[in-house]
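S.K.: Residues per chain are reported as follows:
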Amino acid sequence: MAMKMGYCEEPDKKKVNYIAAYLCFMTFGFLVAINKTTIGIVSIGVSVFVALLFAIAAIKLMIWSFTKANPDLCAQTGGTVAQEAVSQGMSFMIPFTILAVLANVLLGWNAVMPFASAAIMTAGASAGMEVTKAGGKGIKNILLPTLLSFIVSTLWMLVVGLLP
Amino acid sequence: MNIVVQSEPPRWKTALKMIVNPGEVVKKQMSKVPWPFSLAVSGLAFGLFFLQTGIDMLRTGQIENSTVLLISMLGVVYGTAGVALVAVLAWALSQGSDRSYDITWAVSAFALGYSATLVYALIGLIFSLAFGWKTAVAFGVTGVLWALRPTIMTIRQMSGERRGFSIAVSTLCGAILLFGWALLGRFGF
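Going down the list, the sequences are from chains A and B. So the first sequence is residues 1 to 164, counted in this note's numbering. So the second sequence is residues 1 to 189, counted in this note's numbering.
Treat the hints as calculated values from the structure; they're not laboratory data. Do not take every clue at face value.
Listed below are several chain B residues computed to face chain A (Cβ distance under 10 Å; list not exhaustive) [claimed, not checked]: (1) Tyr101; (2) Arg149; (3) Thr151.
Built from N, CA and C at the ideal position, the CB exists for glycine as well.
Taking the hints into account, I'd like the entire structure generated from these sequences.
M.R.: If you want it as structure tokens, here you go:
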């Protein structure tokens, strides 16, 4: 491995990518909007935008919680372990998103939020597992993201009910 | 000389742990769980899920009592034979044998993943019988979705930690089981 003397190892930015998470959240936001009784461009736009805000909030909250729960590990890696874990964990939302789209399009189900809720909880717990794999210790790395995911998904469900 | 005997955790605890931390169960504890126990979990889970579907349809006058029983039995078959077949499919696609995972391990891990479905089905049945709610979609489908996480972890383990592959195959497996249930309602029931 090439080393630069006197420099900290640069974080591998390629491993950190939240595009999948943003797309999944936005897809759920879109599905929620098109299943309302009145469909409009504005309501779809608002729903997708709110979903994006929840995506950003979920990602930031999880990174923050992993950093706080594993200060030594994050100090060793320059904080990238939490970002990588959340990035990888969030990709596990993809199966739920695809199933939600298929259920909506092929079967005409309008129950989007159970898919979204399960997706967020799975993403959080999977991120916790990635932290554990990287050296994080304790069940807190599983329970904390699960709890945060539960809060985010519940809040999102409440907000969805209030949207136009 | 003191001999320390390390007792194995009860199987029901392993089943519940599969809901909270499937990654660890799949990695460390699956070899201790016999496949008939796991299939009993998934069979019962789908049996109760289909029973709720039948009760929902009975309430809307679509079917009769005897058909509810038939649907429940079909659920047990779906949860045992159906889950086992999907597990074999995932095992074959993942080339699990190359990583020393045999078919019985795959079936056992796959089926035990439906412990979350069983918990949801039990709670749903209570709400259905006590309050007369339609619970098949709210509790049943949610329960099946919750089983997707252990499925992902199992496929990931079998495929040698291939994340993208495990996402694709678990989507396929989830779609087969979920839409298989949905299609049953369109073909005759």
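S.K.: Does each hint fit the structure? Answer for all of them.
M.R.: Hints versus structure:
no.	hint	result
1	Tyr101	19 Å, violated
2	Arg149	4 Å, holds
3	Thr151	8 Å, holds
Checked against the numbered hints given earlier, the structure breaks only hint 1 and satisfies all the rest.
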